[in-house]
Structure formats: C-alpha cells, structure tokens
Amino acid sequence: MNWRAIRAIIRRDMLAVTRSKGVLLPLIIVPMLFMIILPGAFGYFTPIINQLPGGNMSEIELFLNQLPPAMLAQFEGYSFDQMMIVFMLVYMLAPLFLIIPLMVASVVAADSFAGEKERKTLEALIYTPTTDLELFTAKVLSALIPAVSVSLVGFLLYALTANIAAWPTMGRVFFPNTAWVILVLWVAPGTAATGLGATVMVSSKVNSFQEANQIAGVIVLPILALVVAQITGVMYFSNLLTFLLGLFFWTGGSVLLYLGARTFRRSEILARG
Amino acid sequence: MQKQPAIITQGLTRCFDEITAVDHLDLEIYPGEVLGFIGHNGAGKTTTVRLLNGVLTPTSGKAQVLGLDPSVDGALLRQRTGVLTETPSVDERLTGYENLSIFGALYNVPAADLDRRVADLLELFQLSERAGDRVSEYSKGMKQKLALARAMIHQPELLFLDEPTSGLDPVITRQVHTLIQDLSKNGDHTVFLCTHNLAEAQRLCDRVAVLENGKMVALGSPAALAQELWKGVHLEFETAYDALPGALRTLETLPDVYDVIQGEGQPVISLSLTYREQVPGMVARLVEAGVPLYRLTPKDPTLEDIYFALHENKPEVNR
Ligand SMILES: Nc1ncnc2c1ncn2[C@@H]1O[C@H](COP(=O)(O)OP(=O)(O)O)[C@@H](O)[C@H]1O
Ligand SMILES: [Mg+2]
Numbered sequence: 001m002n003w004r005a006i007r008a009i010i011r012r013d014m015l016a017v018t019r020s021k022g023v024l025l026p027l028i029i030v031p032m033l034f035m036i037i038l039p040g041a042f043g044y045f046t047p048i049i050n051q052l053p054g055g056n057m058s059e060i061e062l063f064l065n066q067l068p069p070a071m072l073a074q075f076e077g078y079s080f081d082q083m084m085i086v087f088m089l090v091y092m093l094a095p096l097f098l099i100i101p102l103m104v105a106s107v108v109a110a111d112s113f114a115g116e117k118e119r120k121t122l123e124a125l126i127y128t129p130t131t132d133l134e135l136f137t138a139k140v141l142s143a144l145i146p147a148v149s150v151s152l153v154g155f156l157l158y159a160l161t162a163n164i165a166a167w168p169t170m171g172r173v174f175f176p177n178t179a180w181v182i183l184v185l186w187v188a189p190g191t192a193a194t195g196l197g198a199t200v201m202v203s204s205k206v207n208s209f210q211e212a213n214q215i216a217g218v219i220v221l222p223i224l225a226l227v228v229a230q231i232t233g234v235m236y237f238s239n240l241l242t243f244l245l246g247l248f249f250w251t252g253g254s255v256l257l258y259l260g261a262r263t264f265r266r267s268e269i270l271a272r273g
Numbered sequence: 274m275q276k277q278p279a280i281i282t283q284g285l286t287r288c289f290d291e292i293t294a295v296d297h298l299d300l301e302i303y304p305g306e307v308l309g310f311i312g313h314n315g316a317g318k319t320t321t322v323r324l325l326n327g328v329l330t331p332t333s334g335k336a337q338v339l340g341l342d343p344s345v346d347g348a349l350l351r352q353r354t355g356v357l358t359e360t361p362s363v364d365e366r367l368t369g370y371e372n373l374s375i376f377g378a379l380y381n382v383p384a385a386d387l388d389r390r391v392a393d394l395l396e397l398f399q400l401s402e403r404a405g406d407r408v409s410e411y412s413k414g415m416k417q418k419l420a421l422a423r424a425m426i427h428q429p430e431l432l433f434l435d436e437p438t439s440g441l442d443p444v445i446t447r448q449v450h451t452l453i454q455d456l457s458k459n460g461d462h463t464v465f466l467c468t469h470n471l472a473e474a475q476r477l478c479d480r481v482a483v484l485e486n487g488k489m490v491a492l493g494s495p496a497a498l499a500q501e502l503w504k505g506v507h508l509e510f511e512t513a514y515d516a517l518p519g520a521l522r523t524l525e526t527l528p529d530v531y532d533v534i535q536g537e538g539q540p541v542i543s544l545s546l547t548y549r550e551q552v553p554g555m556v557a558r559l560v561e562a563g564v565p566l567y568r569l570t571p572k573d574p575t576l577e578d579i580y581f582a583l584h585e586n587k588p589e590v591n592r
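One line per chain: the protein sequences are S and U, in this order.
Numbering follows this note's numbering, with no gaps: position 147 of the first sequence is 147.
Numbering follows this note's numbering, with no gaps: position 82 of the second sequence is 355.
The following block holds chain U by itself, in its conformation from the complex (with noise of 0.2 Å):
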C-alpha cells in the first residue's frame, strides 16, 4: 500500500464546550481499505465523520481527505464521499423513488444517467417493488437500506458508514454485510465503518482503529491487535467421551481456565486461558488425571478480547 491514503489526519481534534469529543485523532486510511472505526456511545465516532467531510469545523489539528481540507473544499469533497448517518434520515413523505432521484440530482449525478442508476440502486436493495410507496411505510431495515442506496447514489470513492446494522434484523444485517463486502472488493471504494459491533468490525474490516472518550487507543488488523494486546489464548480439544467428566472436574480446579463449554455431539471442549504460558501447565494437569488427548486446537482471539484487553480495570466502560 504505498498509494496517497485517502484520509491522513493529523491531531484532529474537536470541543464542544468541557467535552473533548475527538481528541488529538492521528489516522492514515489507504484507499481500497476497510477501516473499522469502533467506540462505544459517545466515543466521537460521529463527531470524526463530520469533521472529515467537513460539515463541521476543528478546534484545531487539520484533516486532508481524498487530497483535500475539508474545512476548505467541503463542497468539492462531498462530491466524492458518502455518507449513511447514524439516523437514517430518510424522507419518509417522499416515496423511495423520489427520495433517490432527488439525491442524484443533489450529487448532480447526469441527468440522462440518473433514473438507470436509481433503478439499479432499488433493485440492488431489493426495493423496486415499494419504490412507489411512500417511506413513512417502510419497515426499519428498508428505511435503512433506502438511506444506503441513496449514499451510493454518486458512486462515491469514499463512504462513510455510521453504525450501519445497529438495530436491524440480522438478515437484514446479513445483506448489509454482504453489500460492504463487495463494495471493498470490487474497486477502491474506502470505506470508513463506524460500529460498536465488534464481530462485525471483524468480519469486515482490514484494520480497526479503537476509538475511546474521543482518543485512539489502539488502531491495527484485527489480527495484529490480538498478537499486541491480548495475552490470553482460546483452545479446544477432543478427547473421549468417557473422559468428559474427569476432565470437566479437572478443569474446575484450575483457577485461569474460563468459558468452559462441551461441545454438542462431540467429545469436544473449548475453553479460555488468561495467558498463553498456562497452555503447557493445563494439558500436564488433564494427562495426569487420564484424560486422553487426541486434539488440541488454538482459536483466533476475536475483536471483543481486544476490545475488552484494551479496557481492562475499566468497569464504567459500557457495552
């Protein structure tokens, strides 16, 4: 990835009155990248898709998207960016046609180009059926797509997504998903996600930067935030079904063992460690007890351990 990054910024920071909602932000975002933005409420996820798009000025630092300042070239920028709010604000007196066509025209999509593209927007959403009837008729995960689609309607090189799936069903989740997916993988759209779901950062999400009271506290591929962070390990393994009783006693005993689950159908147990230098100390303790090993298998510590690694000794953290 040596191309110019589509967002560079460098102490970007912004007040409101004694509130810090984004502090010092340091980020480089490469275009083609899927970048997971995750924080809590009130992190400042928001507040930092303003500031870059420019319909909100810094209190100071400075911020360059797609080769411009957005608090200069706001204007011009937006013309290159998407952005699905955080409220879908979608006008719900206007049919869902009309909403889209209305946004081409803002984005000044070419008029001769504008009803093909709105058509292949609805039926890409799957709401070309509805697209007659007004929004205010629409069920939430319609309302939502119909503001995703009206985000795209430009083709943006970059989108913004804030909290995309928060409060949606999860096949509609599932679609979302889907549709991030294929936006990364076709072409170099960049896309800036805004979640709290960390196995949603996770399924998509080449690098995630850890968001916190308006502060980057961490930012890596899920992956190597794991190797950094999380000094624990998830492991599973197969013995024999005479075996599982014996072994479940002997995992009761041992203090750092946690999330100890049998597996269905199998003679198979997954459990977690606090640290990896237990790993040896454990299996001793099961072959000392008889219990036989056929299987031992390492699982890949997931966002939420980081997440949670990051925010150790810090109860009042909400999830």
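Isolated chain S, as found in the complex (with noise of 0.2 Å):
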C-alpha cells in the first residue's frame, strides 16, 4: 500500500469537501441540530413543561410504568423530572445519535464517489500509479475519518450541552453512561461504514451527487426503526444490545464495502463508461 498517495486523496477529497457549500451545509447543520439544540431543549424545558397546567402527568407516568423492568431499574432513586430527563437525553435521542455518523458517511462519500463521477475528475485519478485498492481505501478513509471526527466532536457537545441544560433538574453529572460510550466508539463507525457501503453501491449506478445521496438516504430507515422501537419501550439502549447493534452494523458495512470494492475497478468504471 502506497500511504503517501493515499493520503494524498484523502486531503484532496477533504479540501473538496470543505469547498462545496452543498455537501458541507449539511455536515454542519445536521449536527447542531442533534448534538446542541434537541438536547438542550429537552434539558431545559421538560421540568418547566411537567408543570405547566394540563400537563397530563398521568400518562406520562403510565408511560413510563410500560418500558423495560431492566430500563427502570436504571432509574432508581430518581424524582418524575428527572426520569424523564434521563429516559430522553440517555435513551430516546441515542439511535439519533447514528444518524450523524450514517449522515456524514454517506454524503462524504456520494461526494467522492459519484459527485466525482460528475465532475470528471474521477480520469484523471484512473490513470496515476494506484492501484484499484489503494484508491478505494482511500476513499473510503477520506469519508470515515471525518464521520467518526464529527462524531466524536458531536458526542462531546452533546455530553456538554445535556450536562450543563439539565443541571439546573439533575444537580450532578449523569451523562453519558457505559452504553453511550460503546455507541460513540463502536456502533457509530459501524453505522458510518454501513452508509459509506450503501452510498458506495448506490453511487457505481448513478451519476450524480445528489441521486446518490438521495437514494443512499434510505439507509436512515433501520435508525427511525431503533427510535421508534426505543421509545415505545420495546427494546431500550442496554450495554449488551448497545454492543450487539454496532455488530449488526459493522457485519453490514463490512459486506456492503466489500461489495462496494468489487464494483470499484477502473476497467469496470470505464466500461460502465
């Protein structure tokens, strides 16, 4: 492996990246979104919301009596607001959390691998002294490191934001637990792998940025799934399945990159013209 070339895509994809307000808007927006301001206004506001007038606390509590007797376990010794806080910050925005890794992937990668495909530049590539590998690892590496940075950068604003949001309920600093902690380094680059494999497939069939991202974008999907299963209590975020699902994702990333690598051959690409 040449490392010297492959670092050498991996800062020209990135520089691209960083120029192209359309792939970079979301990269931003997506994760302010996520990361500071869902966690801060649950933090926040929920306790004020409990008490305003008509706030049916009796469903909530009903609600609450329904999830997993292992989930609330976790919250012994907790008052009603801060239960909910803990049950919203910890649990229900988790599998949120993926879709900043998935996100990030795959529009990274529908930018170097189909986008690249639209700009032409992808020639001029063919023809340097790389081999089919090495142009595929690098870019491959050029949309994980910044999905798990942004991750990561995410995961850190988040802790940050929930802390600090729900002190005024809390008093001390609940978050993040073990199971956050195996997301942020586990599940999320499998998640990211997963995107980055699927935009890859999706991308050696169309042409351009934008259809890749969109069809690439049902990859989201399975993650609505974990929201909606997690918040009516059918499964919640234990460590063991915390860790099970970043298997999950890891196998289907791994199998869909491996797919992906096959279709990645310059003679294919050019036969594909």
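Worth flagging that the hints you see were computed from the coordinates, not collected in a lab.
Here a beta-carbon is modelled for each residue, glycine too, at the ideal position from N, C-alpha and C.
Don't take each hint at face value.
Just so you have them, the derived chain S footprint on chain U, three or more residues with Cβ under 8 Å [to be verified]: (1) 327–338; (2) 359–371; (3) 510–516.
Could you use the hints to bring the two separately framed chains together as a complex?
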C-alpha cells in the first residue's frame, strides 16, 4: 500500500468537501440540531413543561411504567422530572445520534464517488500509478475519517449541552453512561461503514451527487425503526444490546464495502462509460 | 531507429457490446517519436489510450508499453506515462497549486523536489500568478494547460495527449504546439497524440496512424502517406498581370482543376489537380492560350488530402 498516495487523495477529497456548500452545510446543520439544540431543549424545558397546567402527568407516568423493567432499574432514586430527562437524553436520543455518522459518511461518499464521476475528475485519478485497492481505500477513509471525527465532536458537544441544560434538575453529571461510550466508539463507526458501503454501491449505478445522496438516504430507515422501538419500549439501549447493534452495523457495513470494492475497479468503471 | 519500441501492439482489440471500439490494432512506436493518432469522433482513439495505460482490459490481443504488459503491470507502467485526458478533469474546487502538488504525491515525485517541480511547471505554463486561485475561476485554456502540466508532473517518458487543443483559442493552441515540439526535441520523450485536427498532426508528428471505426487504415510519415495515397497535386504558377483574366478563363474550361485561387498583390495562381498526369496537358492549354508561365512550383500535399483520399467514396465520414 502506497500510503503517501492514499494520504494525498484523502487530503484532496477533504479539501473538496470543505469547499462545497452543498456538501458542507448538511455536515454542519444536522449535527448542530441533534447534538446541541435537541439535548439543550429537552434538558432545560422538560421540567418546565411538566409543571404547566394541563400537562398530562398521569399519562406520562403510565408510559414510563410500561418501559422494560431492566431500564426502569436504571432510574432508581430519581425524581419524576429526573426520570423524564434521563429517559429522553440518555435513551430516546441515542438512536438519533447514529444519524450523524451515517449521514456524514454517506454525504461525503456521495460526493467522492458519484460526485467525482459527475465532475469528471475520476479519470485523472484512474491514470495515476495507484492500484484499485489503494484508490478505494483512500476514498473510503476520506468518508470514514470525517464521519468518525464529527461523531466524536458531536458526542462531546452533546455531553456538555445535556449536563449543563439539565443541571437545574439533575444537580450532577449524569451523562454519558457506559452504553453511550459503546455507542460512540463502536456503533457509530459501524454505522458510518454501513452508510458508506451503501452509498458506494448506489454511486456505482448513478451519475450525480444528488442522486446518490437521495437514494442512499433510505439507509436512515433502520435507525428510525430503532427510535420507534426505543420510544415504544420494545427495547432499550442496554450495554449488551448496544454492543450487538454495533456488531450488526459492522457486519452490514463490511459486506457492503466488500461488494463496493468489487464495483470499484478502473477497468469496470471505464467500461460502464 | 533500432531502439526497442516504446509501444508495441499485436491484434489489440476492445469491444463494447456490439461495438468494436478498437479492432486488431498492430502498431510499433519508437522512443522519441511523436505519433499522431488521427480519426474522427468515435474512431477509437480514447479507447486505445486506455488500453495502453492498463486502465481498460483488451477483449483480445496484447500490448507492450515501455516493456510492460499494461493489463498486468498497470500501476508500474502508469508511473512512467503521463496522460492528458480528453476532458481536462482538473479539480475545480482546488487551486492550481493544489492540483499539481496532490498529483505529484500520487505520482511519487520525491517530497523534496515537489515544490520546485510544481513551481517550474506553473512558470512554464504561465500559471504562476493564478496558482493560488480556485480552478473554477480559470478559463478553459488555463484548465487545459493545468491538465497538461499535471500530466508532466513526474517527467514521464511517454506522454499521451488526447485531443490537447480541441476547443482552445489559437493563441493557447500555439503555446501547446510549441510545448509539444519542445518535448520531442529535447530528449527522448515519446508522444502519442490523438487528434482530429489534421494540420496539428502534420505540424507536430513524425508519423501518423489513421484510425477508422477502430481499424488502422494507414500508417507512415505525412510525406510517405501522401506519396502512397494521394494521386493529386497542388501547384502554384506565376504569370503576368495582364494574362491573369485569360489564365482564369482557360482554367475554367479544364474539368480536373479545382480550388483555383488568385494570389493577392502578385500575378500568382494556385490550384489543385486530381491526378499528377494532368499537369502537362494543363500547361499546354495555358501556353496555347498565350499565358506566359514564369514559374511553376509544386506544393506539398496536406494530411487533409491523405485523409480524404482514404475516405473517398465514403460520404458518411464526418469531419
Ligand atoms: N464505455 C463504453 N461503453 C460503450 N461504448 C463505448 C465506451 N467507450 C467507448 N465506446 C464506443 O467505442 C467507440 C470508440 O470510442 P472512443 O475510443 O471514445 O473514440 P474517439 O476517442 O476516437 O472519439 C465509440 O463508438 C464509442 O461510442
Ligand atoms: Mg476520444
């Protein structure tokens, strides 16, 4: 592997991403929404809303009571408001966090795989003395690195916002728990790999950034399913389940990336025209 | 030229579904040579460049480029070739400098030499002043020059230029031509020049290969091809001013004379004849008509003559 060449391609792709508004904006706005605005609002306003006249406490209490017993055990010793906050910030938003690595990886990959075809810059790369595998590795890393970095930064912002916004109610640092650490370090990169793999597959069939981005967007569906499952109490993010979720995404991502690598051969790319 | 050929192909063929883009190509190109690969759109030029660089696999036949088999040692080979693709394919979001330095790393130019090399090329192509600007702000000609600089960043022994001047204005075209001539003059750069511009091929190339529907239909120096293929002749003669009207009237009556042009400011007429053998007859008729002939000079045939000689009775060929 020629790592100097790989680094050069990564540098090129990243420069290109930071200089395109269409690519950069979603990479900034979506993490801001999920990592700062949502936890800030939930953390700060939940107790206030609970106190509003007409706030239907008994229904929420009923809802909390039907949650899995193992999850309820985590709430030992919390007041009602604290329970609400922990439920929202630690559990309900956890699957939404996964949208970040998924989205960053697939937006950047759509730009670097399909977008490059659209801009006709791939041909110059194809004529360089890199191997197919080096080219593919470089392009995979140029999507994976920002996905993982944005997730890490997002997580830090989330932890900060959640603890500060909920301080009046919680009076202690309650975030993150072990499951979140597993989520950030193990599940998020796996999710990124899945989004990336799916986008690479889609990109081999379409010819523009927009098309690739839109079709690959379908991949958020399983994550929305997780959100629903979490809210309705079908499951909750225990350590084990979080770990297994990571395993699931890593497996899916690996399979998709393996298939993607097979579509990424110069001679095939040029033969497709 | 007894040196080992830079490029040898034997029966090189590439099909796409029903289309045979390159059809049993047999070619030998020698180091230091500028070979013109000419043919109209869709003739198979770009596909040949791809096959010779190991970025597309042949359907059958084989090639040896710089002693390597492109489909086996593609990466090794591409380290020694430079390719200017048909669309410049430079990165619009990056600056000119970044485009060159990143490709320098991709072509394994030693890091210590890279800055110097980039600066030299920017200078050579008169892009130094705009080196820090995004390429999206460059003109078409500047992008093409940048792409050419990029193809040369690693000082390749063998340079493929795929229609390097198509769509460029005459000034930039001139610059690119001078560069190509300099390349072939100093040292043993081999240049594989794809073009559908015959004047360009004639001006720059030692030999030309004419490609038609994937098949090579002629190969040789422009002069040799003319000798072999073109039966006509271009002539210029000098007469007296007062004899010009009579001369023109006489020429009008001769069926095989065409492209008659009267020179400006001189009693000179240039014309073309379909067959060389018709020259004595034409001269006899002019003399009979009392036209004095002070000078009669043959002119070199152009590649265009050869091209159309090859394509005679093939009106479907588009220029
Ligand atoms: N990837 C491809 N898929 C299908 N047909 C192709 C492909 N590439 C080239 N062709 C066809 O092969 C022929 C030769 O094309 P090309 O080599 O690009 O010609 P040129 O460069 O001389 O204009 C054309 O008929 C073209 O349509
Ligand atoms: Mg072409």
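- Taking 8 Å as the C-beta cutoff, is the stated coverage of the region 359–371 of chain U by chain S satisfied by three or more residues? Per the Cβ count (8), the hint holds.
- Query: the region 510–516 of chain U covered by chain S? Criterion: 3 or more residues, Cβ-Cβ distance below 8 Å.
  - Reply: violated (count 0)
- chain S over the region 327–338 of chain U, status - at least 3 residues with CB closer than 8 Å: Result for this restraint: holds, n = 3.
Of the numbered hints listed earlier, the single one contradicted by the structure is hint 3.
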